[in-house]
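A.B. asks: Taken in order, these protein sequences are the chains called Z and B. For what it's worth, UniProt numbering labels the leading residue of the first sequence as 1, then goes sequentially. For what it's worth, UniProt numbering labels the leading residue of the second sequence as 1, then goes sequentially.
Calculated directly from the structure, the hints in this document are not laboratory data. Treat the hints with caution; some may be incorrect.
Heads up, simulated EDC-like pairs for lysine to aspartate or glutamate below, C-alpha to C-alpha not over 16 Å straight-line [stated by the list, open to error]:
#1 B:K465 <-> B:D479
#2 Z:K131 <-> B:D77
#3 Z:K40 <-> Z:D92
#4 Z:K76 <-> B:D364
#5 Z:K116 <-> Z:D185
#6 Z:K131 <-> B:D479
#7 Z:K116 <-> Z:D152
#8 Z:K116 <-> Z:E172
#9 Z:K76 <-> B:E388
#10 Z:K76 <-> Z:D185
#11 B:K156 <-> B:D77
#12 B:K465 <-> B:E388
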Amino acid sequence: MKRALAIMVGAALILLLATLTLVVMPYLQMSAEQVPPDLKPYTERQLEGRQIYIANGCVYCHSQQPRDPSFASGDKDRGWGRPSVPGDYAYDTPHLLGTMRTGPDLFNIGARQPSKDWHLLHLYNPQAVVKDSIMPPYRFLFRWVRSVGEDDTVVRLPEPYAPEEGYIVPTEQALALVDYLLALDRTYPAPTLPEPEKTQE
Amino acid sequence: MTPTIAVLLIITFLLSTVGLLLLIWSIANNQFSHGQQSARTIFSPGEEGIGEDPAEAPQRQKQELPDAEYRARHDADQSSRLATLSWLSSSVFWLLLGSAYGLLSSAKMHMPELLANSEFLTFGRVRPMHLNAVTYGWASMAGIAIALFLIPRLFKTRLAGGRFAVIGAVLWNIGLVLGLGAINLGLSDGKEWLEFPWQIDLLFVIGGALAAIPLLLTAKQRTVSHLYVTSWYFLAALVWFPFLFLIANLPYTFPGTSGATVNWWFAHNVLGLWVTPIGIGIAYYMIPKIMGRPIISYQLSLIGFWSLALFYSQVGIHHLVGGPIPTWLVTLSIVHSVMMSIPVITVAINHHGTMMGNFHRLKDSPTLRFVWIGALMYTVSSLQGSMEALRSVNVITHFTHYTVAHAHLGMYAFLSFILFGAVYFIMPRLMNWEWPWRRLIALHFWLVSIGILIYVVSLTIGGWKQGVELLTADTPFMDIVRMTLPYLEARTIGGSLMTAGHIVFAFHFVAMLLRKGRLQDQPTLFRNPAREVSQ
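Same shape as in the complex, but just chain Z:
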């Protein structure tokens, strides 16, 4: 039993060390990072939209982290924005950095596509806006109505995609999600840009 115990204690100590370097130290360093003064906290509604983003797994195809142009030039040249810094995510819990770019980076989608109509149409039918897009439609975030009420926003569908009669209107969820997407605008200057990574392994 003594030897079994030694193995388990040794294993635990090694993991403890890794926790120190990979969890505790980054936490201490990054929570001391300066929050960019121009970064606004999310509104109640934007946070609701953020939950819709999480619930429907947008993160599995979209990242929110442009890389440094000296490292990966494509990110900036595609118009995804300056490299992001820890402070940009001060209000992001849980983080939604993402690891996949089946679709484009969304760190600045609110600045790239500031139109609410565009987003609603795109969520309802991505292929109507971007030919051959493989993004799935989110029709379940919309409903069909015969006539439009006073407060309803109508999704402006072009001819072949529009229903024969009646209208497509977004649910509260779709509107909140669009609100969140429009808030993804980090075009303000970052006070602490990371140093360019000179060493390339």
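Starting from the known structure of chain Z, arrange chain B on it as the hints suggest.
C.D. replies: Relative to chain Z, chain B alone:
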């Protein structure tokens, strides 16, 4: 110099001093003495040279082993029956469910209109359900099951406290049902590999702890003096998983980017410190046992163990290369990722070196064929992983399907193959019954092998091209999407073959549970030896 780097330097200095002292201590105390003799712990006296395999007639083993030894082993095997079967049967169910979700997500990638009207079947929910079902359902449960079977054998005694493991399996299954249901309803926690709501995660911590009780109780009653290397891996994995799972799931603790570092520290440790030790632990038992010869270097296996612990625990942040986190952190993980080649090479020397001169056995033995291919793919996927962590490679492969191919090379071609092989070894011993149809084993093998080959090759090529093009801003984004489509379609074909293989496997597993087929006096091999002789 920032204070962080100063602290890092001090830790490094202290660590190397402690390491040096430990080395001196262990040499002075003869800790390296258990050499090849210890590698023979898994054999009974006189058993060396006789392979133990479902592919080997039990009568023959009975003749050549002393009666008492044979009966003791039979007792040990039977003692874990209920505990092992409760985890194993569940895992086969989750494998089927996870495959279905995987196949659906793959198809949705190139057919966005497929089943798109329901929010419960949208890609962003089906994909994490696949990952969680196969990771926590199939791989973890099958791994625990096989560990429960091997424990009494490794310690040469009966399994103690098996009923705790059975209760653990029940809790774990409840956790999976609730967790997958929560993702389906859109209640995900939002972090990859940690989607289950943290309230549900407690069930896994308790269920896992309950499965660990028999391991400790049986270790206490063991009749062997040396702990064989397989039990080292199992003991360590058992400490690591609850620790990791608990910290990573702490709610409201890690905001913003520090949440991202914890997320990926955890996600890679689930591979490195949970399923990998189980997978190589099993291979360390199966390969020498089936061959009837001890592993070629026992000392190397122990070095491999400790270096795996040291290096694998710090690789996680290579998932954030180029991300908004401190550069030293990324560099630390890259260095450790490259250092991982040390444990990988020691394990490779032992696994493949022990096989040397016995490759013809792959023709007959289902267990050996699955386990050895799995061990080979461990070597391949780990070395690929070390390369992928380098900044110059990662800048291309990050954010692409290449990573997905790599993940399946590890979780499937390495881990799942070893698990399949072990199941073919275990079931005849638990059920006292031979596998009913050898053609089904062969069919399973070829379906999953061809399937994963198509899967990995297509996504590796497609992902690499995708990564190169993403760096060139002149290529419009939609051109890249169109370019990847044929590779995504090929992946669906590969995935369909794998799923078909799993259906064959599950069918055969159920037939085995029900003892279908004829009573056989000889084991089920890929080839029928009797017929070979008569030809």
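A.B. asks: All the hints need checking, so say for each whether the structure fits it.
C.D. replies: Going down the list of hints, with the structure as the test:
1. B:K465 <-> B:D479: The given pair, whose Cα atoms are some 12 Å apart, holds under the 16 Å limit.
2. Z:K131 <-> B:D77: The given pair, whose Cα atoms are some 60 Å apart, is violated under the 16 Å limit.
3. Z:K40 <-> Z:D92: 11 Å, holds
4. Z:K76 <-> B:D364: 56 Å, violated
5. Z:K116 <-> Z:D185: 14 Å, holds
6. Z:K131 <-> B:D479: 11 Å, holds
7. Z:K116 <-> Z:D152: 14 Å, holds
8. Z:K116 <-> Z:E172: It holds: about 14 Å lies between the C-alpha atoms, which stays within 16 Å.
9. Z:K76 <-> B:E388: With Cα atoms ~23 Å apart, Z:K76 and B:E388 exceed 16 Å; violated.
10. Z:K76 <-> Z:D185: Cα-Cα ~15 Å, so holds.
11. B:K156 <-> B:D77: 10 Å, holds
12. B:K465 <-> B:E388: 15 Å, holds
Violated hints, in rising order: 2, 4 and 9; the structure is consistent with all others.
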